[in-house]
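Okay, here's what each chain looks like letter by letter:
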Amino acid sequence: MEILDSYLRAVKRYLPRAQSSDIIKELSDDLRSQVEDQEAAAGRPLSDKEIAAFLRQHGDPMTVARRYRQDSPSLTIGWELIGPELFPMYLIMLSVNLVITVACVAIVFLIMHAPLTLNVFVFPILIQIVVLTLVFVGLNLVRRKYPQPWYYPPAEISPMIPIPRGYSVAGLILWGPVLLWWLALPHFPSLILGSAAAHLKLAPTWHTFYVPLLLVLLASIAQRLISLFRPDWTWLVPFVRLLINAAGALVLYVLVFKSHTLVVVADAFQCSGQYDKLADSVNGTLLWGVLGPWLWIWAGISVPIYAWYCLPHVRRLLRGKAAGTSSAVSTETGKRS
Amino acid sequence: MPPGNDNHELFENLRLELRRGSLILAVLVMLRAEHYGYTLRKALADHGMPIDEGTLYPLLRRLETQGLLVSEWREEDKRNKRFYRLSSEGKAILKPLLAEWQGINTSLNGIL
Chain A
0 MEILDSYLRA
10 VKRYLPRAQS
20 SDIIKELSDD
30 LRSQVEDQEA
40 AAGRPLSDKE
50 IAAFLRQHGD
60 PMTVARRYRQ
70 DSPSLTIGWE
80 LIGPELFPMY
90 LIMLSVNLVI
100 TVACVAIVFL
110 IMHAPLTLNV
120 FVFPILIQIV
130 VLTLVFVGLN
140 LVRRKYPQPW
150 YYPPAEISPM
160 IPIPRGYSVA
170 GLILWGPVLL
180 WWLALPHFPS
190 LILGSAAAHL
200 KLAPTWHTFY
210 VPLLLVLLAS
220 IAQRLISLFR
230 PDWTWLVPFV
240 RLLINAAGAL
250 VLYVLVFKSH
260 TLVVVADAFQ
270 CSGQYDKLAD
280 SVNGTLLWGV
290 LGPWLWIWAG
300 ISVPIYAWYC
310 LPHVRRLLRG
320 KAAGTSSAVS
330 TETGKRS
Chain C
0 MPPGNDNHEL
10 FENLRLELRR
20 GSLILAVLVM
30 LRAEHYGYTL
40 RKALADHGMP
50 IDEGTLYPLL
60 RRLETQGLLV
70 SEWREEDKRN
80 KRFYRLSSEG
90 KAILKPLLAE
100 WQGINTSLNG
110 IL
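Respectively, the protein sequence lines represent chains A and C.
Numbering (numbering that gives the first Met the number 0) for the first sequence: 0 to 336.
Numbering (numbering that gives the first Met the number 0) for the second sequence: 0 to 111.
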C-alpha cells in the first residue's frame, strides 16, 4: 500500500516531532485495518484509485494532523489567527526572514558607511512581521474555510491526485498571452521598448537568448495543454517544471549576470551619440527589472521544489523496475526448477 | 423537531459538548477489557457510539497522560498494535464516575 505510506508520511510532516512516530504507527494500523475491512467486504484488493478515494475522504494530511495538535502553540487573539499545524512553519519562515532582513540591512548600511543603529532595523523588521503574519492568517482562513484543499498536496501524495483542470486552464490563461508577447517581440520591439523603440534596436545578444526562452515558454504551455487532457499524468508537472525552471534559471543567469547589452542605438542614430544614455537605461531596466534577477531567483527556488515533487515519482519508477526484475527472476527460477 | 438551518451550527456544538463527556465514559467502560484503537472504535460504533480516529486517539493519549489508561505495543496479525486497558487508577475512578452518570441520568429523567 504505497499510497497509504505516502499519505502517512505527509501527515507525519505536520505532527509534533516528539510524538509523530507513535501517532503514525497507530494511525497506520487504523487505516490499514479499515482498508482491509473494505477489501473483505468487496472480496478483492482495493485498487490504488479506491485507496486514494478513501484517503481523500479521510481528510487532507494537514487537517488530520491538526486533530492531534489541539494543545500545540498557535497564534490566537480572541480567535485563532494561525492554527497549530501552520504555526511551526510560521515561526521558521519568520526566523529566516528576520535573519535575512537584518543581514541585508546591515550589509547595505556598512557598504554605505552609514551609522548602524538599532533604529534602522526596526521598520524593516516590523514590515516583515506584519506581512508574513498577514500571509499566514490568510492561509489559515483558507484552510479553515476549505478543510480538504488538495490543490497543493505535499509531494508524497501528489502522484495520486489528478491535476485539476482549472489549474491547467489558469496556467494557459496566464502564460498564453506571455508566449504571444514573446513571439511578437522581434517584429514589434515597441512591445518591450515602448516609445524608445524609435531610437533603439534589439542587440545581437538578444537573439542568443530569444530561442532558449521561447522553448522554455513553449514547454510550459505544452505541459499545461497535455495536463488539461491527461490530468492523470501527474508526473508530467514536476518533471517538465523542473526542466523548464532549471533551463530558465541557467539562461536568465547568463542573461542577467554575463550579458550587459540587450538593446543598442538604432543604426540611423548611432553617430549622434545622444541616445547612448537611453540605451544604457533601457538595458538596465530590462536586465534588472523586466527579465532581471527576480525571475532568476524565482526559477532558482522552483528547481529544488519541483525536484522534491519529482522524488516520489522516481521512487515509484525504481520500485516498479525492482518489482519487475524480481518477478522476472522468480519466473526464471520457477522455469529452471 | 429537527434543528433549522440557522440553528444547525449551534445544535452541532451542543451535541458535541454533550457527547464529549459521554464518550470519555464509554471509552473507559470499554477499556475494562483490552482493546487496540481500531477494535475499540468498532466496538463503540457497534454500541451506537461511533467516533472517528482523529477524536479517539488524541482522547486515548490524554487519558493515558492522566494515568487512567495504560498501553503497550504488541504484534498481532503481523502488525504492531497499541493495546489499551484501564489502569488501576482508572478502575478506581470509573466506579464513582458511573455512579455520578447514573445519578445525572436519573435526575434528568425526573426533570423530563
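No lab work stands behind these hints: they were computed from the structure.
Treat the numbers as computed from the prediction; the structure is a model and nothing was measured.
Every residue, glycine too, gets a C-beta built ideally from N, C-alpha and C.
Treat the hints with care, as some may be off.
Cβ-Cβ distance ranges computed for the label pairs, FRET-style [unchecked claim]:
no.: 1; chain 1: C; residue 1: G47; chain 2: A; residue 2: P87; range: 18 to 26 Å
no.: 2; chain 1: C; residue 1: M48; chain 2: A; residue 2: E79; range: 37 to 45 Å
no.: 3; chain 1: A; residue 1: Q37; chain 2: C; residue 2: G47; range: 17 to 25 Å
no.: 4; chain 1: A; residue 1: T132; chain 2: C; residue 2: E75; range: 28 to 36 Å
Partner residues aside, some chain A positions facing chain C, computed with beta carbon under 8 Å [to be verified]:
no.: 5; residue: I22
no.: 6; residue: D29
no.: 7; residue: R66
no.: 8; residue: W295
Status of the hints after comparison with the structure:
no.: 1; hint: G47(C) - P87(A): 18 to 26 Å; in the structure: violated, 38 Å
no.: 2; hint: M48(C) - E79(A): 37 to 45 Å; in the structure: violated, 29 Å
no.: 3; hint: Q37(A) - G47(C): 17 to 25 Å; in the structure: holds, 22 Å
no.: 4; hint: T132(A) - E75(C): 28 to 36 Å; in the structure: violated, 47 Å
no.: 5; hint: I22; in the structure: holds, 7 Å
no.: 6; hint: D29; in the structure: holds, 5 Å
no.: 7; hint: R66; in the structure: holds, 3 Å
no.: 8; hint: W295; in the structure: violated, 43 Å
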